[in-house]
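Could you slot chain B onto chain A? The hints should help.
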Amino acid sequence: MQNPNEGKQSTPPAAQTAVSTVAPPVTVAELERRLARWIPKLEEAGPAIVFQLRAGKTDGS
Amino acid sequence: MAPDDLAYLGVAEAATEIAGGRLSSVELIDHLLNRIEEIDPTLNSYITVMADSAREAAQDADMAVRVGRRLGPLHGVPIALKDLYATKGVRTTFACAAFADWTPDEDATVVKRLKASGAIILGKQNMHEAAAGSSSLVSHFGPVRNPWNPDYIAGGSSGGSAAALAAGLTPGALGSDTAMSIRQPAAYCGVVGLKPTFGRVSKHGALTLSWSLDHAGPMARSSRDVALLLQAIAGFDPQDPSSTDIEVPNYLSALTGDLSGLRIGAPRQHFFEQCSPAVIAAVEQATETLKRLGATVGDCEMPDPEDTLMFGRAILRIEASAYHAERLRKHPELLSSGLRDMVEGGAQFSAVQYLQAQRVRSVLAEGFRRAMEPFDALVMPTTPWPAERVGEDQPSRTGPRMRNTMPFNFTGLPAISTPCGFNEQGLPIGLQIVGHSFDEATTLRIADAYERETEWTHRRPQLTGDEPTRRL
Numbered sequence: 015m016q017n018p019n020e021g022k023q024s025t026p027p028a029a030q031t032a033v034s035t036v037a038p039p040v041t042v043a044e045l046e047r048r049l050a051r052w053i054p055k056l057e058e059a060g061p062a063i064v065f066q067l068r069a070g071k072t073d074g075s
Numbered sequence: 010m011a012p013d014d015l016a017y018l019g020v021a022e023a024a025t026e027i028a029g030g031r032l033s034s035v036e037l038i039d040h041l042l043n044r045i046e047e048i049d050p051t052l053n054s055y056i057t058v059m060a061d062s063a064r065e066a067a068q069d070a071d072m073a074v075r076v077g078r079r080l081g082p083l084h085g086v087p088i089a090l091k092d093l094y095a096t097k098g099v100r101t102t103f104a105c106a107a108f109a110d111w112t113p114d115e116d117a118t119v120v121k122r123l124k125a126s127g128a129i130i131l132g133k134q135n136m137h138e139a140a141a142g143s144s145s146l147v148s149h150f151g152p153v154r155n156p157w158n159p160d161y162i163a164g165g166s167s168g169g170s171a172a173a174l175a176a177g178l179t180p181g182a183l184g185s186d187t188a189m190s191i192r193q194p195a196a197y198c199g200v201v202g203l204k205p206t207f208g209r210v211s212k213h214g215a216l217t218l219s220w221s222l223d224h225a226g227p228m229a230r231s232s233r234d235v236a237l238l239l240q241a242i243a244g245f246d247p248q249d250p251s252s253t254d255i256e257v258p259n260y261l262s263a264l265t266g267d268l269s270g271l272r273i274g275a276p277r278q279h280f281f282e283q284c285s286p287a288v289i290a291a292v293e294q295a296t297e298t299l300k301r302l303g304a305t306v307g308d309c310e311m312p313d314p315e316d317t318l319m320f321g322r323a324i325l326r327i328e329a330s331a332y333h334a335e336r337l338r339k340h341p342e343l344l345s346s347g348l349r350d351m352v353e354g355g356a357q358f359s360a361v362q363y364l365q366a367q368r369v370r371s372v373l374a375e376g377f378r379r380a381m382e383p384f385d386a387l388v389m390p391t392t393p394w395p396a397e398r399v400g401e402d403q404p405s406r407t408g409p410r411m412r413n414t415m416p417f418n419f420t421g422l423p424a425i426s427t428p429c430g431f432n433e434q435g436l437p438i439g440l441q442i443v444g445h446s447f448d449e450a451t452t453l454r455i456a457d458a459y460e461r462e463t464e465w466t467h468r469r470p471q472l473t474g475d476e477p478t479r480r481l
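Listed in order, the protein sequences are those of chains A and B. Numbered per the numbering used here, the first sequence spans residues 15 to 75. Numbered per the numbering used here, the second sequence spans residues 10 to 481.
Just chain A, same shape as in the assembly (with noise of 0.2 Å):
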């Protein structure tokens, strides 16, 4: 992924739009549609681990 902070220059700040004050939950054809325009880039992604093993000891010693 590229650095878009790299050799930045300032620029004013963003232009005020009117305030959105509510959002449905997030629906699976919504978290579908984001996620298709994600898959082509995931090859840097690694895999997605879910399982840690614990130490093994519990009191720290």
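Hint data in this document are derived by calculation from the structure and do not stem from the laboratory. Misleading hints may appear alongside valid ones.
Claimed, not checked - To give a feel for the contact side, a few chain A residues facing chain B, derived at Cβ under 8 Å:
#  : residue
1  : Asn19
2  : Ser34
3  : Thr35
4  : Pro39
5  : Val40
6  : Leu45
7  : Glu46
8  : Arg48
9  : Leu49
10 : Trp52
11 : Lys55
12 : Ala59
13 : Gly60
14 : Ala62
No residue lacks a Cβ here, since even glycine has one placed at the ideal position from N, Cα and C.
This is chain B only, laid out in the frame that chain A set:
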């Protein structure tokens, strides 16, 4: 010491005064207990007040001073806990009917560490049910109100902790933060809250909202006090699989008051957008103060912040669904309708979607790391707007409220909120300072220097127990 001084005595000052024999821990705790009795019926910030055990521990702390024994850096200082940290022999309710009668037989690791530092547990604090919301209005024990104006929400989910700090009902607290839950209530109530780096503070013995997004962290009325509390609770815990075995620095020594040479980034895209004008004005003024203190502040851009928000919200929902699935099946009546909706909604996602979202997360976390390389820290508003009226709250506001905070649960980076102003309704505004992973020290250094230069952390809400307009 004057009563108001005693109520608003900080953690560091209380520890010094008690250990030096100039203040009795019993006197301080009795004062706070009386104040809780007087003021808390309005705020509802506590679920369980541990008056007897706190008084007993305070007597032991005072006796230790008399015999020249120091119990630790928090000697005799009362600290309160969000009611999701397990306390041996004391009910731990999660502000949820399903846990209302649960009495653990062991303290959470952070509770053990606080006690080992000499702290005294004052009570268990109210919160949004199961940490699954951002107002603290939904609690099995009734709603929490904002001390600056009880017609407004205190934020959440650590709303009771933030409200109690602002009202002078405890000098320090432990909260938890899955998407905003330490920093947003800290901002809404005008106090300081730190979400440490993922893995810095043990979650063993803390009830869960989302395993991979939950963080335990300290809250207080100054960054110095937050640093003291972090010092007590930080460090590897083999009982927590997400705990990281990395050295814990001396946080107090980082608080130099000097920001010379520090490079601070202001990510204006996303993080300064969709905010109220009062919030932007306060944060812009804060960046000028940071410059005066010696820092350089430059614009920067973080990669795909909207996606950190969206994938973070999806992961939270899915993990919460897994955690509560069996409870929902067996005792749906013990979960509020909002929590049931969240659990049922999370079950709709597939395992493949969840794992792909976690893979996106690793790419985005690396992107954030690289984008931060030219800087020592980032600054931005903690929340897009200050606290809202109780009657305006609705679940669909939770997503926008976490706009600036969830990206750092998603990427695991440390982030602190400190007060930086008030809006025209007299409600506090929070400044968020984000650091590199495991560099809580720099966020504390910046926040502490800013607090010394400004007076926001010294303001107190007008609160009395007998003021009719403040009764609900």
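Okay, the hints, checked on the actual structure:
1. With a least beta-carbon distance of about 5 Å to chain B, the hint placing asparagine 19 of chain A at the interface is held under the 8 Å criterion.
2. The beta carbon of serine 34 of chain A is positioned within 8 Å of a beta carbon in chain B (closest approach about 6 Å), and the interface hint is therefore held.
3. With a cut of 8 Å, the hint placing threonine 35 of chain A at the interface with chain B holds, because the nearest CB-to-CB distance is about 6 Å.
4. Interface restraint check for proline 39 of chain A: the shortest CB-CB distance to chain B comes to about 6 Å, inside 8 Å, so the restraint holds.
5. Given the 8 Å rule on beta carbons, the hint for valine 40 of chain A holds: about 5 Å separates it from the nearest Cβ of chain B.
6. Annotation: interface hint on leucine 45 of chain A holds; nearest CB of chain B at approximately 5 Å, less than 8 Å.
7. The interface hint given for glutamate 46 of chain A holds, since its Cβ lies 7 Å from the closest Cβ of chain B, which is under the 8 Å cut-off.
8. The interface hint given for arginine 48 of chain A holds, since its Cβ lies 6 Å from the closest Cβ of chain B, which is under the 8 Å cut-off.
9. With its C-beta approaching chain B no nearer than about 5 Å, leucine 49 of chain A sits inside the 8 Å limit, and its interface hint holds.
10. Residue-level restraint check for tryptophan 52 of chain A holds (minimum Cβ-Cβ distance to chain B is 5 Å; threshold 8 Å).
11. Of the supplied interface hints, the one on lysine 55 of chain A holds, with its beta-carbon coming within about 6 Å of a beta-carbon of chain B, less than 8 Å.
12. The interface hint given for alanine 59 of chain A holds, since its Cβ lies 4 Å from the closest Cβ of chain B, which is under the 8 Å cut-off.
13. Restraint check, glycine 60 of chain A versus chain B: the minimum CB separation of about 6 Å is within 8 Å; hint holds.
14. Checking alanine 62 of chain A against chain B by beta carbon gives a least distance of about 4 Å; that is within 8 Å, so the hint holds.
Every hint, counting from the list given before, is met by this structure.
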